[in-house]
Amino acid sequence: GIQVEQSPPDLILQEGANSTLRCNFSDSVNNLQWFHQNPWGQLINLFYIPSGTKQNGRLSATTVATERYSLLYISSSQTTDSGVYFCAVEGSGGSNYKLTFGKGTLLTVNP
Amino acid sequence: NAGVTQTPKFQVLKTGQSMTLQCAQDMNHNSMYWYRQDPGMGLRLIYYSASEGTTDKGEVPNGYNVSRLNKREFSLRLESAAPSQTSVYFCASSETGNTIYFGEGSWLTVV
Numbered sequence: 010g011i012q013v014e015q016s017p018p019d020l021i022l023q024e025g026a027n028s029t030l031r032c033n034f035s036d037s038v039n040n041l042q043w044f045h046q047n048p049w050g051q052l053i054n055l056f057y058i059p060s061g062t063k064q065n066g067r068l069s070a071t072t073v074a075t076e077r078y079s080l081l082y083i084s085s086s087q088t089t090d091s092g093v094y095f096c097a098v099e100g101s102g103g104s105n106y107k108l109t110f111g112k113g114t115l116l117t118v119n120p
Numbered sequence: 024n025a026g027v028t029q030t031p032k033f034q035v036l037k038t039g040q041s042m043t044l045q046c047a048q049d050m051n052h053n054s055m056y057w058y059r060q061d062p063g064m065g066l067r068l069i070y071y072s073a074s075e076g077t078t079d080k081g082e083v084p085n086g087y088n089v090s091r092l093n094k095r096e097f098s099l100r101l102e103s104a105a106p107s108q109t110s111v112y113f114c115a116s117s118e119t120g121n122t123i124y125f126g127e128g129s130w131l132t133v134v
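From first to last, the protein sequence lines are chains H and D. Everything in the first sequence is counted per our numbering, starting at 10 for the first residue and increasing by one. Everything in the second sequence is counted per our numbering, starting at 24 for the first residue and increasing by one.
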């Protein structure tokens, strides 16, 4: 099946700093989503972005499908950004409707 | 709008006991999913249902059964719980190939 690798595995920032999280995938994809899991375990969908660029406030994401990677940018980080960020993909050549998750990036934003 | 609702939130089972995790969504989505999350493993798909009346195995189906009761409800059953099934379980739903929405999770401990 498709492989998803996220980097870095851990990231510690001071409040106000910017960061870039990366997601590499091993095959072409129909679907790519970014999620934030907060410290209470809740999973929130950030972006549905199989290709192109999207922005939502301080967060933006870019997927370069031909190069098989996606980037999540967090600007002016806040303590509430802390948590785990997951990338999930659905391969275009395999079974439908099944997202494969990376292992996540643990982000800690210190005040 | 409740989104995806799953019950129970917490459960402790003895090895060999059975239980059913319930999930319901009110977004009229066709696709529903059950994932488990273990430390350092990201989320792994147990079973999914692409539409009412259909179910299919995911990455880690052994020890589980599912029922797509109707379009709204998708239950996960553990027939004979084992300590290896101690995990956090997430139900999710989506319109086919689109943004996926998660429930708040069910923390299951098997002793």
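Keep in mind that the hints were calculated from the coordinates and are not lab data. Computed from a prediction, not measured in an experiment: that's the story for all the values here. Treat the hints with caution; some may be incorrect.
[As the list claims (entries may be wrong)] Capping the alpha-carbon separation at 25 Å, the derived lysine-lysine pairs in DSS-like fashion look like this:
{"id": "1", "chain 1": "D", "residue 1": "Lys-80", "chain 2": "H", "residue 2": "Lys-112"}
{"id": "2", "chain 1": "D", "residue 1": "Lys-94", "chain 2": "D", "residue 2": "Lys-37"}
{"id": "3", "chain 1": "H", "residue 1": "Lys-112", "chain 2": "D", "residue 2": "Lys-94"}
[To be verified] Ranges of calculated distance between the beta carbons of each label pair, as one might list FRET restraints:
{"id": "4", "chain 1": "D", "residue 1": "Asn-121", "chain 2": "H", "residue 2": "Thr-89", "range": "35 to 43 Å"}
{"id": "5", "chain 1": "H", "residue 1": "Thr-62", "chain 2": "D", "residue 2": "Lys-80", "range": "44 to 52 Å"}
{"id": "6", "chain 1": "H", "residue 1": "Asn-54", "chain 2": "D", "residue 2": "Asn-85", "range": "43 to 51 Å"}
{"id": "7", "chain 1": "H", "residue 1": "Thr-117", "chain 2": "D", "residue 2": "Phe-33", "range": "43 to 51 Å"}
{"id": "8", "chain 1": "D", "residue 1": "Gln-40", "chain 2": "H", "residue 2": "Thr-75", "range": "49 to 57 Å"}
{"id": "9", "chain 1": "H", "residue 1": "Gly-25", "chain 2": "D", "residue 2": "Gly-39", "range": "51 to 59 Å"}
{"id": "10", "chain 1": "D", "residue 1": "Asp-79", "chain 2": "H", "residue 2": "Asn-54", "range": "40 to 48 Å"}
{"id": "11", "chain 1": "D", "residue 1": "Phe-33", "chain 2": "H", "residue 2": "Asp-19", "range": "25 to 33 Å"}
{"id": "12", "chain 1": "D", "residue 1": "Met-42", "chain 2": "H", "residue 2": "Glu-24", "range": "37 to 45 Å"}
[What the hints assert, rightly or not] Facing chain H, according to a computed beta carbon distance under 10 Å, are these residues of chain D, among others:
{"id": "13", "residue": "Tyr-71"}
{"id": "14", "residue": "Leu-101"}
{"id": "15", "residue": "Ala-105"}
{"id": "16", "residue": "Ser-107"}
Beta carbons: idealized from backbone N, C-alpha and C, even for Gly.
Okay, the hints, checked on the actual structure:
no. : hint                              : verdict
1   : D:Lys-80 to H:Lys-112             : holds (21 Å)
2   : D:Lys-94 to D:Lys-37              : violated (32 Å)
3   : H:Lys-112 to D:Lys-94             : violated (30 Å)
4   : D:Asn-121 to H:Thr-89: 35 to 43 Å : violated (27 Å)
5   : H:Thr-62 to D:Lys-80: 44 to 52 Å  : violated (35 Å)
6   : H:Asn-54 to D:Asn-85: 43 to 51 Å  : violated (28 Å)
7   : H:Thr-117 to D:Phe-33: 43 to 51 Å : violated (26 Å)
8   : D:Gln-40 to H:Thr-75: 49 to 57 Å  : holds (50 Å)
9   : H:Gly-25 to D:Gly-39: 51 to 59 Å  : holds (53 Å)
10  : D:Asp-79 to H:Asn-54: 40 to 48 Å  : violated (23 Å)
11  : D:Phe-33 to H:Asp-19: 25 to 33 Å  : holds (28 Å)
12  : D:Met-42 to H:Glu-24: 37 to 45 Å  : holds (42 Å)
13  : Tyr-71                            : holds (6 Å)
14  : Leu-101                           : violated (20 Å)
15  : Ala-105                           : violated (23 Å)
16  : Ser-107                           : violated (19 Å)
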